[in-house]
Amino acid sequence: MSAVGRFARNLELEGGVPTVGASGVNVVKFKDYDLQYSNGMPIRYVAFPFPVAGQPRSVHRGYVEGEDLLSGKPMMQAIIDALTEPLTEEEQMEGMPGEAPPEPRLLGPDTEENLMRLFKDREWTDYNPIVLPTETRVAAMLGGTSRGPEEVVSRMGSRELTVEKAAVYAVMAGAKPDYFPAILAILTQAPSFGNSTSSMANMIVVNGPARRELGMNSGTDALGPFSEANAVLGRTFTIAGKILGDLRLDVGAYSTLGSNLQYNNLCFAENEEALPEGWEPLSVETGYARTDSVVSVGIGWSLISSVGEAQIRHPPHMLIRDYMRALYGSAATVIMDPTVAGLLKDVHGFGTKAELGRWLSGNVEVAAGTFWGNGVNTTASTPMALQGLEPFATWLKAPPETLVKPFTNPGAVKVVVAGGGIQTTWFVTDFRFGRGIRIDDWK
Amino acid sequence: MKGRILFSGAALSAAAAAAFGAALLSTGCGDMEQSCRERRITVLNPAISSKVVERVPLAPRLDTVQGKTLYMVDLQWGGPEAAYSVFEEMQGWFSRNMPSVRTELRRSVGGPFGDDPALRKEILSRKADGVIIGIGG
Numbered sequence: 000m001s002a003v004g005r006f007a008r009n010l011e012l013e014g015g016v017p018t019v020g021a022s023g024v025n026v027v028k029f030k031d032y033d034l035q036y037s038n039g040m041p042i043r044y045v046a047f048p049f050p051v052a053g054q055p056r057s058v059h060r061g062y063v064e065g066e067d068l069l070s071g072k073p074m075m076q077a078i079i080d081a082l083t084e085p086l087t088e089e090e091q092m093e094g095m096p097g098e099a100p101p102e103p104r105l106l107g108p109d110t111e112e113n114l115m116r117l118f119k120d121r122e123w124t125d126y127n128p129i130v131l132p133t134e135t136r137v138a139a140m141l142g143g144t145s146r147g148p149e150e151v152v153s154r155m156g157s158r159e160l161t162v163e164k165a166a167v168y169a170v171m172a173g174a175k176p177d178y179f180p181a182i183l184a185i186l187t188q189a190p191s192f193g194n195s196t197s198s199m200a201n202m203i204v205v206n207g208p209a210r211r212e213l214g215m216n217s218g219t220d221a222l223g224p225f226s227e228a229n230a231v232l233g234r235t236f237t238i239a240g241k242i243l244g245d246l247r248l249d250v251g252a253y254s255t256l257g258s259n260l261q262y263n264n265l266c267f268a269e270n271e272e273a274l275p276e277g278w279e280p281l282s283v284e285t286g287y288a289r290t291d292s293v294v295s296v297g298i299g300w301s302l303i304s305s306v307g308e309a310q311i312r313h314p315p316h317m318l319i320r321d322y323m324r325a326l327y328g329s330a331a332t333v334i335m336d337p338t339v340a341g342l343l344k345d346v347h348g349f350g351t352k353a354e355l356g357r358w359l360s361g362n363v364e365v366a367a368g369t370f371w372g373n374g375v376n377t378t379a380s381t382p383m384a385l386q387g388l389e390p391f392a393t394w395l396k397a398p399p400e401t402l403v404k405p406f407t408n409p410g411a412v413k414v415v416v417a418g419g420g421i422q423t424t425w426f427v428t429d430f431r432f433g434r435g436i437r438i439d440d441w442k
Numbered sequence: 000m001k002g003r004i005l006f007s008g009a010a011l012s013a014a015a016a017a018a019f020g021a022a023l024l025s026t027g028c029g030d031m032e033q034s035c036r037e038r039r040i041t042v043l044n045p046a047i048s049s050k051v052v053e054r055v056p057l058a059p060r061l062d063t064v065q066g067k068t069l070y071m072v073d074l075q076w077g078g079p080e081a082a083y084s085v086f087e088e089m090q091g092w093f094s095r096n097m098p099s100v101r102t103e104l105r106r107s108v109g110g111p112f113g114d115d116p117a118l119r120k121e122i123l124s125r126k127a128d129g130v131i132i133g134i135g136g
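Here the protein sequences come in this chain order: Z and Y. Position 261 of the first sequence, counting from 1, maps to 260 under numbering that gives the first Met the number 0, and the rest follow consecutively. Position 36 of the second sequence, counting from 1, maps to 35 under numbering that gives the first Met the number 0, and the rest follow consecutively.
Next up, chain Z with everything else stripped away, as it sits in the complex (with noise of 0.2 Å):
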């Protein structure tokens, strides 16, 4: 449900006020299908031009002065006819109202052609060819689990992912049936990226003996298009993503520049063999054992490399310092070849993973103008800046070019070790992890 949608219902339920819902017309036009299938009120909106942040007051003026762009009337009066005029019937509509019919199990029968033009059109797939998922292909696939087929795996709103639904989508990624239960995992947290309007990915990092049995690639090339599973895992957490949150174009994905990083959502596996000792596997560090194979999906937006070899002069954890400095802030996690990790453990005694995290989040600074500057910590933390709540309030007041560590929780900022040891190589991202998801609960 949208911001702007739940506060207006609120109004209009609790104490039956007249709302007007005033939003850019970038999102405006999603507001029936918020309707239908979240807010369940048909509020009224009127719609500005697009960007309202980061104008002049002299553009403000103009769009008050200017028309809605819903209805084409003066702003103003849209407004004012909004609070005034008569309900429609469907606007008194109350109770449940007519359910489309369901979607049927079985498509077809269809000639192979038709199908995949087919899922093309309904917007299935991500464009690269798939397998078509054919009762025998699913039920092999379902061979992998011991789930129940109508077990529901993940939900959005009444929408329900069910294991037949996710070995369906396995299938049309080009997974093996030994995939299945790490692939059930990481369904556990679909959908995510799309259903925003910034630019959101994923990544999905793989722990444990998982790794081994399922041939995924955590050396040389980790994060390339070189590993079978690899590239399905992740190929399936897209085509499911898409299909449980609905993320047709301009109807339920409206992310304004997208992300190439959707197509397989770095997935890739630690390379728990080259860690330097002391420093533990992502899934240990949010509470799991070495012996169980987790997922753990990410998100985020960035990812910058470090490009070129490290430097005895400005070591590795400098310039890692230095590059997070272009991430928004709140969370990181850095994803580094063994040689950087022994670099800093045996040359600058970094003993642990969380050692650090610790002095990154300690040591990256950035001018308070910069972290406001950042929409998403200007949208998010303003609010609790303006309720006096610390370090946000004192940085709301700051002089722009004081310098502000917006990495405030040392346990956001993970590692991952990747890679072949063939160069002392890293990226910074900013995608932030919970707790992994044990696969063997999928099995």
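Rather than coming from a laboratory, the hints here were simulated on the basis of the structure. Backbone N, C-alpha and C fix where the C-beta goes; we use that ideal spot for every residue, glycine too. One or more of the hints may lead you astray.
Taking CB as the label site, the calculated pair distances span [to be verified]: (1) V51/Y - G277/Z: 51 to 61 Å; (2) E80/Y - L105/Z: 51 to 61 Å; (3) P116/Y - N113/Z: 28 to 38 Å; (4) Y32/Z - R36/Y: 29 to 39 Å.
Restricting the straight-line Cα-Cα distance to at most 30 Å, the calculated cross-link-like pairs of lysine-lysine (DSS-like) are [said to hold, decoys possible]: (5) K50/Y - K119/Z; (6) K404/Z - K344/Z; (7) K50/Y - K28/Z; (8) K67/Y - K120/Y; (9) K67/Y - K126/Y; (10) K396/Z - K120/Y; (11) K72/Z - K119/Z; (12) K119/Z - K28/Z; (13) K67/Y - K72/Z; (14) K126/Y - K72/Z.
Following the hints, put chain Y in place on chain Z, whose structure we already have.
Just chain Y now, kept in the frame of chain Z:
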């Protein structure tokens, strides 16, 4: 492990892999002869049915805004300065064009993702006649 365990893991994997391999062989057309291209197959539907939610009616509307009190609530989408002056411009418009309309401009302290129970209480207790809320983006 949850659920039923019918086979050992290894046996399950082997059986599933064999069935899956056979399934791939049985439907692949390769470069496809005409008869293969025209073969008609049935597949499982990837779509998930949406269940629509219960409809809730809007509150009755005003007969006029003349002489009424309208609250303007800035959700601070994009920050405290993002849309505030849009609401100030609206206030100015009412002052110039409909001076009998009283306006109250407030920021919702919880921002777009939180709540502001005190503001909601104020709006309801002071019996605001109408509310303009936004601006979502």
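We went through each hint and held it up to the structure:
1. Look at V51/Y against G277/Z: about 54 Å separates their beta carbons, and that is inside 51 to 61 Å.
2. Between E80/Y and L105/Z the C-beta distance comes to about 55 Å, which sits within the given range of 51 to 61 Å.
3. Look at P116/Y against N113/Z: about 55 Å separates their beta carbons, and that is not inside 28 to 38 Å.
4. In this structure, Y32/Z and R36/Y meet the distance hint of 29 to 39 Å, their C-beta atoms being roughly 38 Å apart.
5. The hinted pair formed by K50/Y and K119/Z meets the criterion: a straight-line CA distance of about 23 Å does not exceed 30 Å.
6. For the hint linking K404/Z to K344/Z, the alpha-carbon distance of about 24 Å falls within 30 Å, and the restraint holds.
7. Restraint check for K50/Y and K28/Z: satisfied, since their Cα atoms lie roughly 20 Å apart, inside the 30 Å limit.
8. With a CA separation close to 18 Å, the supplied pair K67/Y and K120/Y stays within the 30 Å bound.
9. A hinted pair counts as satisfied when its Cα atoms are at most 30 Å apart, and K67/Y with K126/Y qualifies at roughly 10 Å.
10. Restraint check for K396/Z and K120/Y: satisfied, since their Cα atoms lie roughly 29 Å apart, inside the 30 Å limit.
11. For the proposed pair K72/Z and K119/Z, the alpha carbon gap of about 38 Å is over 30 Å, so the pair is violated.
12. Restraint check for K119/Z and K28/Z: the C-alpha separation of about 23 Å stays at or below 30 Å, so the hint holds.
13. Between K67/Y and K72/Z the CA atoms are separated by roughly 22 Å; this keeps the pair inside 30 Å, and the hint holds.
14. A hinted pair counts as satisfied when its Cα atoms are at most 30 Å apart, and K126/Y with K72/Z qualifies at roughly 28 Å.
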